[in-house]
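Protein chains: 2
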Amino acid sequence: MIFSSALLENAVNEFAKLPGIGKKTALRLVLHLVKKEPVETARFSEAIAAMRSKIRFCSNCFNISDKEECNICSNPLRKKEMICVVESIRDVMAIESTQQFNGVYHVLGGIISPLDGVGPDQLNIDQLVKRVKAGDIEELIFALNPNIQGDTTVYYIGRLLKTETIKITTIARGIAFGGELEFADEMTLAKSISNRIAVEQYISTTG
Amino acid sequence: MIFSSALLENAVNEFAKLPGIGKKTALRLVLHLVKKEPVETARFSEAIAAMRSKIRFCSNCFNISDKEECNICSNPLRKKEMICVVESIRDVMAIESTQQFNGVYHVLGGIISPLDGVGPDQLNIDQLVKRVKAGDIEELIFALNPNIQGDTTVYYIGRLLKTETIKITTIARGIAFGGELEFADEMTLAKSISNRIAVEQYISTTG
Chain A
4 MIFSSALLEN AVNEFAKLPG IGKKTALRLV LHLVKKEPVE TARFSEAIAA
54 MRSKIRFCSN CFNISDKEEC NICSNPLRKK EMICVVESIR DVMAIESTQQ
104 FNGVYHVLGG IISPLDGVGP DQLNIDQLVK RVKAGDIEEL IFALNPNIQG
154 DTTVYYIGRL LKTETIKITT IARGIAFGGE LEFADEMTLA KSISNRIAVE
204 QYISTTG
Chain B
4 MIFSSALLEN AVNEFAKLPG IGKKTALRLV LHLVKKEPVE TARFSEAIAA
54 MRSKIRFCSN CFNISDKEEC NICSNPLRKK EMICVVESIR DVMAIESTQQ
104 FNGVYHVLGG IISPLDGVGP DQLNIDQLVK RVKAGDIEEL IFALNPNIQG
154 DTTVYYIGRL LKTETIKITT IARGIAFGGE LEFADEMTLA KSISNRIAVE
204 QYISTTG
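So the sequence lines, in the order shown, correspond to chains A and B. Counting in my numbering, the first sequence runs from 4 upward without gaps. Counting in my numbering, the second sequence runs from 4 upward without gaps.
Some hints could be false.
It does not matter which identical chain is used: a pair holds within one copy or between any two.
As a list, the in silico EDC-like pairs of lysine to aspartate or glutamate whose alpha-carbon atoms are at most 20 Å apart [claimed, not checked]:
hint : residue 1 : residue 2
1    : K82       : D94
2    : K38       : E17
3    : K57       : E99
4    : K82       : E72
5    : K133      : E71
6    : K165      : E12
7    : K39       : E49
8    : K20       : E49
9    : K39       : E17
10   : K194      : E71
11   : K38       : E49
12   : K38       : E72
13   : K39       : D69
Worth flagging that the hints you see were computed from the coordinates, not collected in a lab.
Could you put the whole structure together from the sequences, leaning on the hints where they help?
Quick look at the structure:
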C-alpha cells in the first residue's frame with residue numbers, strides 16, 4: 004500500500020496491529036475517522052488512552068476495575084463465600100448478564116495449556132489458593148470452557164485444594180437451549196445423560 | 004452488556020461507533036489493548052490523535068496530505084496536464100499501487116447519488132472545473148466505479164466542460180484478468196466487445 008501521508012500510514016499500521024484487522028480494514032476505519040469531526044476522533048483516542056492508563060485489575064478477583072477493588076467484590080450484597088472461577092473478564096461479563104449468580108469471581112487470566120506454553124505459574128492460581136486458605140469460602144464453582152485445557156485446570160486446582168473442606172463444583176454440561184439432540188456430539192450427549200437431573204429440580208430452576 | 008468499569012465501557016462504546024464493528028468485536032479489541040503494554044496502547048491512541056489533528060487535504064487535488072500540497076501534486080516528475088478523476092482517496096491508493104499512472108489526481112470526495120442525497124454541490128466538482136479552466140490541462144481520465152452513479156457523474160462533469168478543448172476519457176471496462184468469460188455479466192461482456200482493441204495495441208500494453 005502506498006500512502007500519501009505518513010500520519011495516515013502510522014494510524015493504519017497501529018489499527019492493523021489489532022487482532023482480526025488487516026491493512027484494508029484498518030484503512031477503512033482510519034478514513035472513517037478522518038471524515039468525522041476532530042472532536043469526535045479526539046473523544047475516541049482519549050477514551051483509549053484514559054482506559055489504558057487508569058484501568059486496573061481488582062486486587063481480589065483480577066476483574067477489570069476503576070478502583071482498587073471491583074464493583075462486584077465491593078458490593079455488600081454479593082455472597083463472598085461463593086467464588087466462580089473463570090478464564091477471562093469476558094466470561095465474568097457473560098455470567099453477569101444472566102443475572103443468576105450472586106457470588107463473587109476469580110479471573111484466572113487464562114487456562115493451563117502446555118501446547119501454548121501456558122503453565123500454572125502464569126495464571127492467578129496462587130492467589131485463588133490464598134483466597135480459599137484465608138477461610139470463609141464455602142463453594143468454588145468452575146465455569147471454564149469444556150475442553151481438555153479447561154478440565155486440566157479444574158483438575159490441577161482441585162488437587163491443590165484437596166485438603167480444604169470446601170465444595171468444588173463445575174457448571175453443568177448438556178444440550179443447550181434451542182439445540183437439537185440429533186446434532187449434539189456424543190460427548191455432550193453422554194454427559195447430559197450421566198448427569199441427568201430430577202424433573203422436579205429441573206422445573207424449579209427453569210420455571 | 005454489563006461492564007465492571009466505566010473506562011472500559013467508554014472505550015468499547017467508542018470502538019463500536021466504527022463501521023462494521025459491533026459491541027462484541029469492540030470488547031475483544033479493547034481487551035486486547037488492555038493486555039498490551041501501556042506504551043503500546045499510548046502509541047495507538049497518539050497515532051489516531053496526531054492523524055486527525057494534523058492531517059489535511061491537498062489544496063489542489065483533495066488527496067490526504069501532511070502538507071498544503073500532497074506528495075503527488077508537488078512531485079516535479081508527475082505530468083500536471085493529465086488529471087485522473089476519482090471518487091475517494093482509496094481509489095488514489097489503488098491506482099498508485101499499479102505504478103502505471105504518471106499524471107495527477109482529483110478526488111471528488113464522493114459521487115453524484117440523488118438517492119443518498121449527494122448532489123454536485125457536496126463534491127469537489129467546482130474546484131475541478133476551476134483547475135481545467137486555469138488551462139494547461141490536456142486530458143481528464145475518469146476512473147469512477149462502473150455504475151449508474153459513476154456514469155451520471157461523468158456525464159455531469161462532461162457537460163460542464165463541453166466548451167473546453169481537452170480530451171476526456173474513462174478507464175476501460177472489460178473482462179478482468181483471471182476472470183472467466185462465462186461468468187461475466189452481459190453488460191460487461193457487451194461493453195468489452197464494442198470497445199474491442201487491436202491485438203497489436205493489446206500486446207504492446209500488456210507485454
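Hint-by-hint comparison with the structure:
no.: 1; hint: K82 - D94; in the structure: within (19 Å within a copy, 59 Å between copies)
no.: 2; hint: K38 - E17; in the structure: both (18 Å within a copy, 15 Å between copies)
no.: 3; hint: K57 - E99; in the structure: neither (23 Å within a copy, 42 Å between copies)
no.: 4; hint: K82 - E72; in the structure: within (15 Å within a copy, 64 Å between copies)
no.: 5; hint: K133 - E71; in the structure: within (18 Å within a copy, 62 Å between copies)
no.: 6; hint: K165 - E12; in the structure: neither (56 Å within a copy, 39 Å between copies)
no.: 7; hint: K39 - E49; in the structure: both (15 Å within a copy, 17 Å between copies)
no.: 8; hint: K20 - E49; in the structure: both (19 Å within a copy, 14 Å between copies)
no.: 9; hint: K39 - E17; in the structure: both (19 Å within a copy, 13 Å between copies)
no.: 10; hint: K194 - E71; in the structure: neither (41 Å within a copy, 68 Å between copies)
no.: 11; hint: K38 - E49; in the structure: both (18 Å within a copy, 18 Å between copies)
no.: 12; hint: K38 - E72; in the structure: between (40 Å within a copy, 19 Å between copies)
no.: 13; hint: K39 - D69; in the structure: between (29 Å within a copy, 17 Å between copies)
Hints 3, 6, 10 from the earlier list are contradicted by this structure; the remaining hints agree with it.
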